[in-house]
Amino acid sequence: MSPHYKLIYFNARGRAEHIRFIFAYAGVEYEDERISREKWPEVKKRMPFGMLPVLEIDGKAVAQSNAVARYLARQYGLAGRNEWEALQCDVLVDTLGDLKQVLAQFRMEQDPIKKEEKKARLMRETIPFYLSKFEKMLSENNGFSVGSDITWCDFVFAVSLENFEHIFGKAALDQYPALKALKIKVYNIPSISAWVGKRPTTES
Amino acid sequence: MPPSYKLTYFDLQGLAEMCRYLFSYGGIEFEDVRIKREDWPQHKDKTPFGVLPILEHNGKVAGQSIAIARYLAKKVKLGGNNDWEDLEIDAIVDTMNDIKLKLTPMLMEQDAAKKKVVLEAAKKDIFGFYFPRLEAMVEKNKGYLVLGRLTWADFYFATIFTVCESMIGEEILAGYPNLKEVREKVNGLPAIKKWIEIRPN
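Line order of the protein sequences matches chains A and B. For the record, in the first sequence the residue sitting at position 201 is 201 according to this note's numbering, with numbers rising by one throughout. With positions in the second sequence counted from 1, the corresponding number in this note's numbering is that position plus 1000.
These are computed hints drawn from the structure, not numbers from a lab. Don't take each hint at face value.
If you want the footprint, here are the derived chain A segments under chain B, 3+ residues with CB under 8 Å [stated by the list, open to error]: (1) 34-42; (2) 98-105.
What the simulated footprint calls covered on chain A by chain B, stretch by stretch (three residues with Cβ under 8 Å from a Cβ of chain B suffice, anywhere in the stretch; the number is not a length) [as the list claims (entries may be wrong)]: (3) 82-91; (4) 126-133; (5) 170-184.
Quantities reported herein were computed from a predicted structural model and do not represent experimental measurements. Don't be surprised by glycine CBs; every beta carbon is placed ideally from N, CA and C.
The shape of chain A in the complex, shown without the other chains (with noise of 0.2 Å):
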């Protein structure tokens, strides 16, 4: 009997999409909490860190969207065939997340000047130096980030890329085109795309 899954976050795709996608893709049935912004003061004291999302499994509650994400795609055929390939998806997600930290950093920073620093580094040397890593490295495997299939790291990038579409516009991607085959790729996925078209709108 399959567990019972309850996955809680906002109202929106942030850390908890590429989870959603893993359920989706392997077509377990789960329940979608979105707490609003007026909840949350009282449920966060009920998280176990505070923080979301959280996935609760058969009733035990458990953080960190990545390790959940990990946990899951064991379960479901999606971290690779062997120890190296699970290695390689660690990898290239806990790098995205590198590139996705030093955005946070430059969104966090409250001095004027220094913002416009950061952003001109991020737009200059941050962000082409990352995607023409991953440009190079999906290119030269195949499409894959790993392996020879899809795994939980396709998805993660592909709503990354999702995400830099909306904040950089459409046309963003045009010089990535490995990435952009790969966004194209997994949202063409019958189940990806299924959930894709019924699931709330929302602004990230």
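Keeping the supplied structure of chain A fixed, place chain B upon it in accordance with the hints.
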């Protein structure tokens, strides 16, 4: 024959020490390569993403300290006994990593006066929020962070928070005896004790 694993980092504990601990604990021979700062520019472009540590094995390379640690932990039996236990370990490691990420702006702050202000805020908002929760987890888990036994989460804690402490320049675990004990327990393991005696830095 050279060891089949090569770990490359700077000549520091930093992000690599947890991996060095895991190799030592498991009795796995490894080449402990330490790059001097002045030599880094010539090595940087040879790494997958311009950062260290990297692990080389059988002609393949992987970066990211936590990913490497998770992989090594399985080999030395400091992972979970099943996927759910791995999830519990991952969740606590990622939580500790969140703490480290939140500390980064303060650790990187050059201005001494600003740093002091940010540190005081960190003590209240970051340590003050997370450490009591971690302390309670250790109480619940018989002296370990998770699963009631030694896991790589304890290695993460012992190494990373030691680095944070030395960067902050003062004790951060005062008032958290359980957490202090986790670190002492890890550092007191025979294989780790031996490593600490012989390590270059």
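Looking back at the hints listed earlier, which ones does the structure fail to meet? 1 and 5
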